[in-house]
Amino acid sequence: MTALRVLLSRLLDVVLARRRDARLKEEIESHLGLLTDEYEARGLTPAAARAAARRAFGGIDQIKADYRDQRGLPLFDALTQDVRFAVRMLGRDRGFAATAVLVLGLGIGVNNMLFTILNAHTIRGLPIDRVDRVLFISTIDDRSMERGVSYLDFMDMRAAAKSFGAMVAFTNAPVALAGDGHVPERHDASFVSAHAFSLIGTQPVSGRAFASEDDRPGAPPLVVLSSGLWRSRYGSDSGIVGRSIVVNDIPATVIGVMPERSGFPSNAEIWLPLAQFPGLLAQRRDTRTLRVFGRLRDGIAIAAARAEVEGITDQVSGEHPDTNKNVRARVVPINERFMGRLTDPAWMAFMATGVLVVVISGANVANLMFARAIYRRREIAIRSSLGATRRRVMRQLLIEGGVLASLGGLAGLGAALAGVRVFRTAIPENVLPYWQFDYSMDARVFVALVGVSVATVFVFALLPAVHASRTDVVAVLKGGGRSGSDQQAPQRWSTAFLVAEFALTVVLLATAAVSVRIAKPTLPSDAVIDTREILTATVTLPETKYRTSQQRIDFYRRLQERLGAIPGVLSTSVASALPRSGAAEEQLQIDGRPLDNDKRQPVLTVAVGPRYFATLGLTLPRGREFSSADLPSGPAYAIVNDAFARRFFNGQDPIGRRIALTSPSPPAPSAPSAPSAPSVWLTIIGTAPDVRQRSAPAPDALVYRLIDITAPPSASLLVRSRTSPEILRPLLDEQLAAIDPTLPLYKVHTMKQVIRDSEWVGRISSRLATVLTLIAVMLSTVGLYAVTAHAVGQKTQELGVRIALGARPMQVIGVIVRRAIFQLTVGFAAGIGCTMVWAWLFSSGSVEVKPTDPQPLMMVAAMLLVLAVTACIVPARRAIRLDPVAAIRRD
Amino acid sequence: MSSTEAEVPYGTLDLMVLKTLAAMGPLHGYGIARRIEQVSDGGLALNQGTIYPALLRLEQKGWIKSAWGTSDNNRRARYYSITAAGRRQLAAEAQLWARTVSIVNRLLSQE
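Going down the list, the sequences are from chains Y and E.
First residue of the first sequence? That's 1 in this note's numbering, and the numbers climb one at a time after it.
First residue of the second sequence? That's 1 in this note's numbering, and the numbers climb one at a time after it.
Next up, chain E with everything else stripped away, as it sits in the complex (with noise of 0.2 Å):
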């Protein structure tokens, strides 16, 4: 594993999942795993079955629902989409990502 190649920070996965799914509209896993990767542009080490555990964890939580369908290869393939509750979660959450941020980033332009 190069050292350009970023760990996913804990907690941020599902961030990043709600989001690809509220932009992307209903995708399966697989789908969700390949756009992570292309926004990070190879920037983010990211073994895509991680993402099975984050799904369930969302889905459990009432944010994210899926259903089996059909890939555009003619796979069957369960597809997750995000209901009202995952979109409020993904505003409340990417305000405090935000701040978050701007803190460290202020922190860090000190001196």
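Just chain Y, with the same shape it has in the complex (with noise of 0.2 Å):
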């Protein structure tokens, strides 16, 4: 009670000292007046008696030190004048308070701008209302591949599960907008069951979202659109509810808009109820293309939903064993299937790449603390003299850390957020894969920017702290503060620290190195493709009124004619899927060759038209391309690229051997209509060089047919012009126009945005890792920087001798690189073993550029060199510029 009393009033006392304070000073103002009064009484003259009073009082200040000390909170006291005392030491070394400031203000930046990112996408992850209760259903067919749920099995599913509040599907096909006084257009569109807006949490800004009688066979045609579209076709028309569109041929009533962002569940542009989608009744039970989501009843555990699905799965396999054999299902949670999980290595590696960069900056204000302290010595010393105690003299240090520590977390802050614009900028907008993340910083962004903070300085500044306050006292001052090899220890720990900076360094480089190799387009094809004069579009040709595969034959020969015929044009063809946009997978086999059923052997296919190389400026190094000569009536051909040439007939020339391409699966309903290939053979006629069909690093190998014999119901153009894009828009909507008015062209880009929108994931990363890469070279070179200057500082006077003996430049130069490179060494050797141990815990990244390759630890090893070399420079000038006489007098 009495100590809680004391303790209460104590902390008012902090609030109330200078009340206090002047009452004290009252008090012995009026004592000291009483004295004296008593003294002049006993005869004294009024001086006297006050210098009588002044001696009976005693020391007023030491009454005062003591008053202070019994009021109030001594230690928030002393702490605050600590803290004042740092700020001031900070202030006299401003060159290196700012450079500790900017090292760490970076490197907690960095950890901080990782985190958000991580934060972002796994913790808070998609933008679903309470989205760790919602789970992601797919299927695992007989071949151990993920694939989605079929329209019958989702039925049976939805019936049965128990352990679901709701349960829905959806699947992605563009559709065509006509019939509302505009050009025809082609949309993004998701077809969705009844009351999938709700469990996600998002509900229409306008109208209403689907009810559960739209999404029944039969029921009139309804749409929702996204605010983009409203606004961009519509003109923000507020009474576009209840109005009637003509999608895919047939009208349809607007019910609803939905709010801005929210293009869920990737980028549909407009929903339309899952029962509409064409032909979903007639699908077959193995028709897996449905994506199926559910939100579990409150207090349902994941395991049980898990359970429950796959007993519902093995019952319908048991009961439909024609077509769901093996077929087992996979559930896991939403925000887990797209976003991975915390513990997955790849965000994991990234977590780590947070972690190295802060220890790399905490590293480097260590050393810079270990040179400063080592300044400090006589001031310390004096300190310690004068009765500051060891725990006082350390307890400053840490303050002085903490003060670094509070100033750097505040820059970090500042790179945080600018880092994270930068990189929500850098995401295009029209390629974002799921939603808008929220990037924003959330209390548990600040809890690891402070706790990162305080944790640098305590894991940090501790140590020089300790070392600093063990100064010998007596030695210092006896050696007026020389600067001679005394001070081995910390030597020693800054060396060690240097050297584990470099390590760190060399394992993020590395690593670095490998992601910007990754997302750099290395083959020579990539740079071939002569981008900037190639329009592309694409077109889709509706199956109602294009059945047959000879009517759409005919159109893709009519279209590249008509283009062809455009002044200006220099050459057009059309692909099934343009470089860069993915590619379909097929069986392959090869005449004269068992086939392996264990071994199976896909190949990625591309279906072309005649001229399609030359239209993307290549040139096959063997064989020809295909030309309009060539007819599907005719013998069948194939031209296969170099990856295909090396990995089946190891780099021979395949041409004139026979092939054969198999689908492995029933056609996808997105391509109802597109009959699955006969199993023909197919001459090779042509080696294409390596372009990409998919963004990954090293290129597929790759089956070119010509598009007559798939005739896919959807197509890209191509258009090589010397004509700018906008005037060759209207020309080709003309033509196409000419042949099918209603017929919309989309996704006009130009090929350098095909590819550029291709490669985004990889620029990002890429950048990310240069700017990482940049960052940790700047730390090391700031570490090595301090460390050697700090190392001539120290040796000023053994320089001196050395230059007052004769030594020539070169050899104190020598003697201060000589060391830089040893700790270089040392730290890159053990850099190559983090490395290796990095890559082993994090083995995720690529197959084809591993960090411990011998080309990116060459490049890692120039670097560190350059580096080297740049921190040497300036503390090496100031050697061979010494003055020997000053230098060996010098203290």
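Treat the hints as calculated values from the structure; they're not laboratory data.
Think of the CB as a built atom: it goes at the ideal place given N, C-alpha and C, for glycine as much as any other residue.
Please note that the accuracy of each hint is not assured.
Claimed, not checked - Selected chain E positions facing chain Y (Cβ under 8 Å, derived; list incomplete):
| no. | residue |
| --- | --- |
| 1 | Gly49 |
| 2 | Thr50 |
| 3 | Ser71 |
| 4 | Arg75 |
| 5 | Ala77 |
| 6 | Arg78 |
| 7 | Tyr79 |
| 8 | Arg88 |
Claimed, not checked - Below are the BS3-like pairs computed for lysine-lysine, each with C-alpha atoms no more than 25 Å apart in a straight line:
| no. | chain 1 | residue 1 | chain 2 | residue 2 |
| --- | --- | --- | --- | --- |
| 9 | Y | Lys25 | E | Lys61 |
| 10 | Y | Lys25 | Y | Lys162 |
| 11 | Y | Lys25 | E | Lys65 |
| 12 | Y | Lys545 | Y | Lys747 |
| 13 | Y | Lys25 | Y | Lys64 |
| 14 | E | Lys61 | Y | Lys545 |
| 15 | E | Lys19 | Y | Lys752 |
| 16 | E | Lys19 | E | Lys65 |
| 17 | E | Lys19 | E | Lys61 |
Since each chain sits alone in its own frame, please combine them into the complex, following the hints.
Now the structure itself:
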């Protein structure tokens, strides 16, 4: 009770410090007055009485100090004092303070930026209401491939599952919009189950979403629009709800408009009920293309729901062995399915990178503090001799670290916010895969920031503080603060820190080099495609109108002819998929080789029109490309790429060899009328340079077929022309309208844009890696500079003696550089070891380029050498310009 | 400082202040110091100023309270008075002191 009272009273004192001081002063005055009165009454003169009163009272300042110690919280008072002193000391050494704050700011900033991204993706996750309660359901087929869920399976699952409050399915497909007084256009659409929007917790801003009765076969067609489409196509018409538009040639009523930036489930601009998906009801049980997710009922555990769905799947598979034998369910939280888990090697590596950077910057600051502590030995010795305890000295140094860390944390906050902003704007709007992530700072991120800042001080300011506080007062004061070699221990420590810093930098550089290499287009053909002059666009043929493959073949042939006739157009072609835009996967069979069922050989295939390679600006190294003289009725040909020739023919000439391709599964519903290619032998007539269809770092084995053979319902056009895209675009529309006025062209982009968009992930990660690399190198340079400069400072006398004895400048530089090179070499060797551990820990990375490959490591070594030279220049110059006399007499 | 003047034993100043206030009623710092000097009859080396940290300590513990007042010769002074808790504390400490003294005395009077 009393203790509490005292504490409260002291707390109050802290607040009332000034008033209490005034009170004491007044009391003392009054006391002295009374004493003086008495002495005067005894007959002393006023002056003598006053002096006597003071004598009797004792030391006023001592009393005041005593009183102050009683009053308030002495620790608090001392802390404020220490903080004030720390700020003064740092202010006196601005170079040091600025460097330390910059270094800490960068380290903490990078760390926090990475954590913000990690937090947004894996912890906060997709912008779904209580996202951790939403599970994504897919199937694993008999070949262990992950597939979607078929409509029939979905219906069974939804009917039987009790763990879910709601279960919905969706599938994406572009639709054609018309009948509203505007030109026909194609837009990305999602066909979604009723209640899908309420499941994710998003409601239309006007109108309503789909109800159960809207999602039944035979229900009147309804659509929901995105805000973007509502604005761009319908001029933000407030009366849009209730209006009728034509979607895929069918009149449909607009019932709602979704809020901005909700492209759920990916980039949908328009939504239709799932039941409206063409041919859905006729789909077979093994057409597994729907994506399914459900919200758990309250109180149901994920494991229980998973077990239930697996049970249902097993039961269905027993009832339908012909289609569902060995088909299993995969049930995972939706965010984990798309963003991965926090414990995934990729995310772990991501966060570990953040930790590395902060450790490097911390080690750096420790070195700066070591260097500074040695300069301050005399000050510390004097403080100690005046009665400062070791704890007090340590506390003072730690508080200086704390002040630095607070400033560094603040700088880090700024750096992180700026970094996240840059990261966000680097993501192209139109390719964002799943919604917008919220990269704003939340409590978690803030706590991480503060935690890291505090930890940095404790870990890296503590050791220098312990060392400095151990200063041998007598030795320092006696030696006049002479900088001899009596401070071996901190020297060793700072060398250790520096080596550790180098090792970690090597790890960062090596892994960053990999990211940069993966992202960089390294294939010659990537550069060969003259992307600027190619305009691309996509056209889709509605199955209602273009039923037969002959109709589609005719359409593509006529289109290619008409486009080629546009003045200024140099070359045109069509393809089922543009470079970097994916490809179909089919099973390969090579004539004369046994078909090994266990060792399946999937290859990517692209259907292209005549002059495809010429339009891309490529020439075939061997053979020829398809020409308009190659008719579907004639012999079937194929062109393979170099990767294919290398993989299947050991680089020998494959021309004249025969191959066959078979689709691995029934045709996808997005291409319902695409006939499965007949298993015919294709004769290879040419080899093509490696053009990447996917953004994978290495080219895939690829087979090109004439588009006439597959006649896909959708194809991309390629037009090479000197005319600018703005002028060319209406000309293309005109030619298309001449063939079929109801068909819209969409995804009109230059080839350059197509490749740029396809590379955004790589580009961002490579930029991130580049920035991290630059920061790491900068930090290491600062670290090496600080340590070298400090060593030169320490050795001034020694160097002076050497110069006086006739050492040549090169020898002096040698003394300095040798040391730096030694530290660098040890750090590099340790770094290689750490990189190997890193590669082993987070081995999910690229198979093609490992961080332990010699090439990235050579790059890193070269970089570090440049760094060492940079860091040594200034100290070395200072050393060779030393005036030996002044140097020897220093101190 | 002559050897006949004893140092104030640690902790006893508080007790002396409490006793003085209990016996004399409200007093200012000077009055308390004077009183203690009188009672010790010059046998105690007391820097009068040291009384103030002690007063603060006692006030923080709630054993005394203080208020501004005017002295006999018309000077503004802060008057301290003992609280009920202070009286209880005084009784307890006086008892403890007496016991301690008797033990020490007994020890010293042996042989």
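Original post:
Close enough to count: is the Cβ of Arg88 (chain E) nearer than 8 Å to one in chain Y?
Top reply: violated (11 Å)
Subject >> Straight-line alpha-carbon gap Lys25 (chain Y) to Lys162 (chain Y), limit 25 Å >> reply: violated (79 Å)
**OP:** Would you mind confirming whether the straight-line C-alpha gap from Lys25 (chain Y) to Lys61 (chain E) stays at or under 25 Å?
**Re:** Given pair Lys25 (chain Y), Lys61 (chain E) holds - Cα atoms ~22 Å apart, limit 25 Å.
**OP:** Verify the proposed pairing of Lys19 (chain E) with Lys61 (chain E), using a straight-line Cα cut of 25 Å.
**Re:** holds (16 Å)
Original post:
Taking 8 Å as the limit, does the beta-carbon of Gly49 (chain E) come near enough to a beta-carbon in chain Y?
Top reply: Holds: closest Cβ of chain Y sits about 4 Å from Gly49 (chain E), inside 8 Å.
Original post:
Under the criterion of a CB-CB separation shorter than 8 Å, is Ser71 (chain E) in contact with chain Y as hinted?
Top reply: Because about 6 Å separates Ser71 (chain E) from the closest Cβ in chain Y, which is inside the 8 Å limit, the hint holds.
**OP:** Mind checking the alpha carbons of Lys25 (chain Y) and Lys65 (chain E) for me, to see if they're no more than 25 Å apart?
**Re:** holds (18 Å)
Original post:
Taking 25 Å as the top limit, are the C-alpha atoms of Lys61 (chain E) and Lys545 (chain Y) close enough?
Top reply: Not satisfied, since the Cα-Cα distance of roughly 96 Å exceeds 25 Å.
Original post:
Within 25 Å, alpha carbon to alpha carbon, are Lys19 (chain E) and Lys65 (chain E)?
Top reply: At roughly 14 Å apart (the allowed maximum being 25 Å), Lys65 (chain E) and Lys19 (chain E) satisfy the hint.
Subject >> Agreement of hint Arg78 (chain E) with chain Y interface, Cβ distance less than 8 Å >> reply: holds (5 Å)
**OP:** Assess, step by step, whether the Cα of Lys545 (chain Y) is no farther than 25 Å from the Cα of Lys747 (chain Y), and give holds or violated.
**Re:** holds (22 Å)
Original post:
Do the alpha carbons of Lys25 (chain Y) and Lys64 (chain Y) lie within 25 Å of each other, as the hint requires?
Top reply: Roughly 9 Å between the alpha carbons, so the hint for Lys25 (chain Y) and Lys64 (chain Y) holds.
The structure fails to meet hints 7, 8, 10, 14 and 15 from the earlier list, while all remaining hints are met.
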